[in-house]
Amino acid sequence: MSEENCEITLTVNGEILTKIVKVRQHLVDFLRLELGLTGSHLGCEHGICGACSVRVDGSVVRGCLMLAVQADGTDVMTIEGLTETGEISDLQKHFVDRNALQCGFCTPGMLMTLAELLRKSKPSSRAEIREHISGNYCRCTGYHAIVDAVETTINDRLGDN
Amino acid sequence: MDKNPSLNLLDRPNSYIGRSLSREGAKRAVAGRGRYTDDISLPRMLHAAFVRSPYAHAKILAVNVDEARQQPEVALIMTGKELREMCTGPWIGTLTSFEGMKSAPQYPMAVERACWQGEPVVMIVASTRAVAEDAAELVVIDYEELPVTADKETALDAESSVIHPELGDNLAFRKTIDCGDVEKAVAEADVVIEETFEFGRHTAVSLETRALLADYEPTDGHLTIYTSSQVPHMIQAVFARTLGVAEHKVRIIAPDIGGSFGLKIHTYGDEVATTAASIKLGRPVKFIADRLESFLTDIHARENRVWGRIAVSKEGEIKSLEIDVLSAAGAYSQFPRTSVFEANQILNITGGPYKHKHYRAKAEVVYLNKVPTSQYRAVGHPIGNSVGEALVDRAAEACGIDALEIRRLNVMEDDQYPRISAAGINMQDMSHQQCLEQLAKNMNYNALRLEQDKFRKEGIQRGIGIAAFIKGTAPGPAGYYGTGGAPIASQDACTIKLEPSGGVICLVGVTDQGQGVDTVMGQIAASAMGIPIESVRVIEGDTDAVPYGGGTYASRATAIGGEATYQAALLLRSEILSIAGALLQAEANTLDIVNGNVVNKADETFRISLSEIGRIGHFQVAELPNHIQPTLSATYRFRLQDALYIFTNGIQGAYVEVDTDTGFIKLLNHWVVEDCGRVISPQLADEQVRGGCVQGIGGALYEECVYNETAQLQNGTLADYLTPMAGEMPDINVYHIETPTSLSELGAKGVGESGTGAAPAALMNAVNDALRPFNSYVTDQPMTPETILQALGKV
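Protein chains in written order, with our numbering: chain C, 198 to 358; chain F, 521 to 1315.
Only chain C is shown next, with the shape it has when bound in the complex (with noise of 0.2 Å):
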């Protein structure tokens, strides 16, 4: 390898991947640009919108701020694949059913962010939801029909047990 390229091993989703990637390359970009995984976003690069988290090694990270090569070795997973386990499939109900987004874009972040709340043994209050998504920027909605969405979700879940 050139000082400019690195291989790494990791899962993505599930997929052992072997790949070279640039080293300056920021683990979003690797996603988006060398995997096609298009669903998480950049909305600043600079670590304080959250459109960029991602799940690695079972906590959720700001992909800018993480480079491809740190995720060596790492299990690796995007909205694509938290969707496909179904892990959050009542959630995202929610959300189109309350409307808890309207461009979109922040969407798989705050879907990222609150899979981890959802994870809690103990509910969360609507003041512990919006703390936990403080890290989240939504231009669009508010955030009060995203809390909603949250709430109903973890009261069908209390329900359910």
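Hints are not guaranteed to be accurate.
Simulated coverage check for chain C against chain F, where a stretch passes if three residues somewhere in it have a Cβ under 8 Å from a Cβ of chain F [to be verified]:
1) 232-238
2) 295-304
3) 334-341
In case anyone wonders, no lab produced these hints; they're calculated from the structure. Quick reminder that beta carbons are idealized off the backbone N, C-alpha and C, glycines included.
Chain C is fixed; fit chain F onto it per the hints.
Chain F in isolation, oriented as in the chain C frame:
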């Protein structure tokens, strides 16, 4: 016989009007399957990056691109001068409808002079954005710094540098309104209050930045542009005319749009340059603005200083209102929509809900060495409403009258329309009184006042703010753009077609950016046709497919495009019934369409399905008598006649707590009662209002493009330019009063900007209500903690 079938269609039990349906686009978006401009890649695609002026005002002495040009994988380097050679002429951002307005000629990239920090100077086109940016760093430009005009307050002073000497001064536009006799009203009034207000410069901050992918086909001269735009036909006209391509050979496709808010109704030089590169190279070229570029080049808005004076009787009757507006534009007036609408709208709408007869208003718009300003969600309204409503509150305080009561005394009566406001605006179909009483009920106003008193005794400062408002929506052709000479349609159209399958395709000129325009058009078409919503597909955002229209801006999509869709669907319905009549040997007017089938009107007995009509009309036309030649499609164009806008009205309430030690404001609750006429899709309308409110709140509390004295932007990142996030925002209670507009049969008015237009006014009044025990007033937005502490005399 059915004399008014339209009303019946809308009010039928199986009508989709007034029902909340989910959006198809939402289903794709939650699965990560949205398709935004940057998600589209084409074979041999290149990427553009720009070298931008680091100075707010500088002469370009020399541009050296030699080293950049030698970099591997660099396909093209173009200077502003080279781009000028490809342009048919400069832009001049004036409209003849703004009398006396002036602006300097502007090319898409700076030619001899850069007039704001961030103006594009050199374009690099390369295999990837990263390679293009690497090469951009090797471009060497010699600048000679020129004097900078950075402050609107001194822009017209003789000592200030005139940005464009050929204009004589830095004045873009001046307008006055003088109605009645303000001097007399002031002399006779019991209470006269004046105040000066400052509003910071904002920008839209859509999460998806500006994005464009141009694909020129050199063999036949066709140009396809994928772009994150609200106004495909305007982009077609402006890009074609600027670059000398035949308009009918230009196809604009607006795929999924990641937020727009007025930001994406404008023309940007870097996007034209990218298109020019595609024409020059015969290859697709993509440009995606990064966040830093967005802050430096997206249109800005709102920077205004407004002095206002209100005169009232001791009983609280508003006698007169006066305002004097100084509005800061950028280095050029934005082409082709101009940079003077904000000031113009402030003049139109300030004090708009009230009955006073005497009104005097003056606005001056001045050029500064900053990013051009132009229309951004709720143009002018946050400013005009904040000023008018703050003055009404101050008058109420001086008269010892409650804030809700003074509005109750002064709003226009619901049964007194049509009428003309003191600003000369035609008002009709409005409901200030109903909205006000509903707000009092929804807020539980009297109980809230008691709660406020209780907290005040405990040393906790809570405030209640009220703001009545009007909102100009759905502008007509009699007003600004078309009349003023810009290629921007005020009409909009729908072409609707019955397919052989019985499915219905609806092609609309209005566009969707996530509001649910496509869902709303589907609801209207299905209701008018009498078919299930699943049978309708709405197509928008492609100039090769849809009839010519204005797109989506100024809360016009449902009001204008919706009426076009409604009338087109009625025409197609009528044709289907004629064909059915011929086939069934029945009078068409004895037939009806219910749930996708032609039935007997009298008893709804099934006669023939729409799929059968579609099959016969397309494939078995021989079964029809010779005098019937089915078109199975209809186009309808709708425009407002005479009216400048469809004005809407409403009122907002805010409840806040101010920490007088830290200056922090906590938003406790927020209420909106508004009248957008007939509500087509209640949940979508609610969410427009909620999102709009939060955008207004952002401007009122956090957002400001901060410049230093040399017009260098100080906060061009999302870490430094604060936007509202979930943790600080309240839930928002929304209620609709429905007074259908008499200007269309559908009766829908615009709803997309009402939240943004008045939320800052309600919030500022609430903050000042909280500060009342201290005799302190905040008059500047954003109302930062520092602003609050300054008002309290603590810093």
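query = For the stretch 295-304 of chain C, do at least 3 residues have a Cβ located nearer than 8 Å to some Cβ of chain F?
reply = Holds, because 9 residues of the stretch 295-304 of chain C bring their Cβ atoms closer than 8 Å to Cβ atoms of chain F.
task = Please count how many residues of the stretch 334-341 of chain C have a CB within 8 Å of a CB from chain F and say whether that reaches 3.
result = holds (count 8)
key: Three-residue Cβ test at 8 Å for the coverage of the stretch 232-238 of chain C by chain F   = It holds: at least three residues are needed, and the stretch 232-238 of chain C offers 5 whose Cβ sits within less than 8 Å of chain F.
Checked against the numbered hints above, the structure breaks none of them.
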